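> Given the structure of chain Z, go ahead and fit chain W onto it with the hints provided.
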Amino acid sequence: RKEVEQDPGPFNVPEGATVAFNCTYSNSASQSFFWYRQDCRKEPKLLMSVYSSGNEDGRFTAQLNRASQYISLLIRDSKLSDSATYLCVVNAGNFGNEKLTFGTGTRLTIIP
Amino acid sequence: SQTIHQWPATLVQPVGSPLSLECTVEGTSNPNLYWYRQAAGRGLQLLFYSVGIGQISSEVPQNLSASRPQDRQFILSSKKLLLSDSGFYLCAWSPGPSPHEQYFGPGTRLTVT
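Protein chains in written order, with the working numbering: chain Z, 1 to 112; chain W, 1 to 113.
Next comes chain W alone, as it looks inside the complex:
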């Protein structure tokens, strides 16, 4: 069966510091991968998605970036965090191609202070 991992589970970072969140999927190959952010009391906002290694689509212009160095690895990064980057970051995968349901990892709760 497929499993999706995210780490760290929680993170507290000062404004201006860098960020790296990692997501890995097991038990499948060539998944579609997604990064979402959920601000407190808000809906899910799609940040990036990827249909293959090195292929990244950005949904929202901001100070975040994503990379997919391996088939089942998806990384979310920032060079300098802003207070507004606080939120619950969720990685998801789908069997692809569209349209398919998505399955979420446990998430990383980021607080920027």
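Okay, chain Z solo, but in the shape it has when bound:
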């Protein structure tokens, strides 16, 4: 089983729609979770951290389910500029371990 698994997509979604991505992770000891977005041929950029209680940033909502070991990202009222690859990221789990594990990403295209 991969450490971090994501549906690669592509997701083709009309502008204004709501889209949700899920990501599963294998290490139950993982403590930190993030969503990054990566535009074509660019570096990944931090979108948001994922907290146990769930968190919202504008049109974006992230949730964590520790029991089932999955993380979700919800994008409401999608914009053309949301088109990108979304990377699910999990830390390795051991406190003091400096590594993050990146999923291979879910590709999203917003259609006008």
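Each computed DSBU-like pair below joins lysine-lysine, with the alpha-carbon atoms no more than 30 Å apart:
#1 W:Lys80 - Z:Lys99
#2 Z:Lys45 - Z:Lys79
#3 W:Lys79 - Z:Lys99
#4 W:Lys79 - Z:Lys42
#5 Z:Lys99 - Z:Lys45
#6 Z:Lys2 - Z:Lys45
#7 Z:Lys42 - Z:Lys79
#8 Z:Lys42 - Z:Lys99
#9 W:Lys80 - Z:Lys42
#10 Z:Lys2 - Z:Lys42
#11 Z:Lys99 - Z:Lys2
Just the calculated beta-carbon pair ranges, DEER-fashion:
#12 Z:Pro112 - W:Pro69: 48 to 56 Å
#13 W:Ser20 - Z:Ser28: 35 to 43 Å
#14 W:Leu83 - Z:Lys42: 23 to 31 Å
#15 W:Pro106 - Z:Asp7: 23 to 31 Å
#16 Z:Arg1 - W:Ala39: 17 to 25 Å
I should point out that these hints are in silico values taken from the structure, not numbers from a laboratory. Just so you know, these numbers come straight off a predicted model, no measurement behind them. We put the CB at the ideal spot given by N, CA and C, even for glycine.
Using the frame of chain Z, we list chain W on its own:
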């Protein structure tokens, strides 16, 4: 605010030639530093990370090496490039200690011919 620089932005090198990629961070001290490679259509592969000057951890055995001669400088090197070394090389930093988000530089796109 913190910024991270990488150069060069693109590089085309013949097989067997040496490589040196540089990464510097501004606006912070004692960052954790990371080198990743992303092959075309693939995920990020962690190559090296460093928690301090002269401290390098290698994740994948290969013909690459890393050095951290100064607190905010991280260098990726190779003595002889292979075709399989082609890819998008990304440097990242985090405030450390774990666990923290990482922030990426603009990357170097390397093509080995």
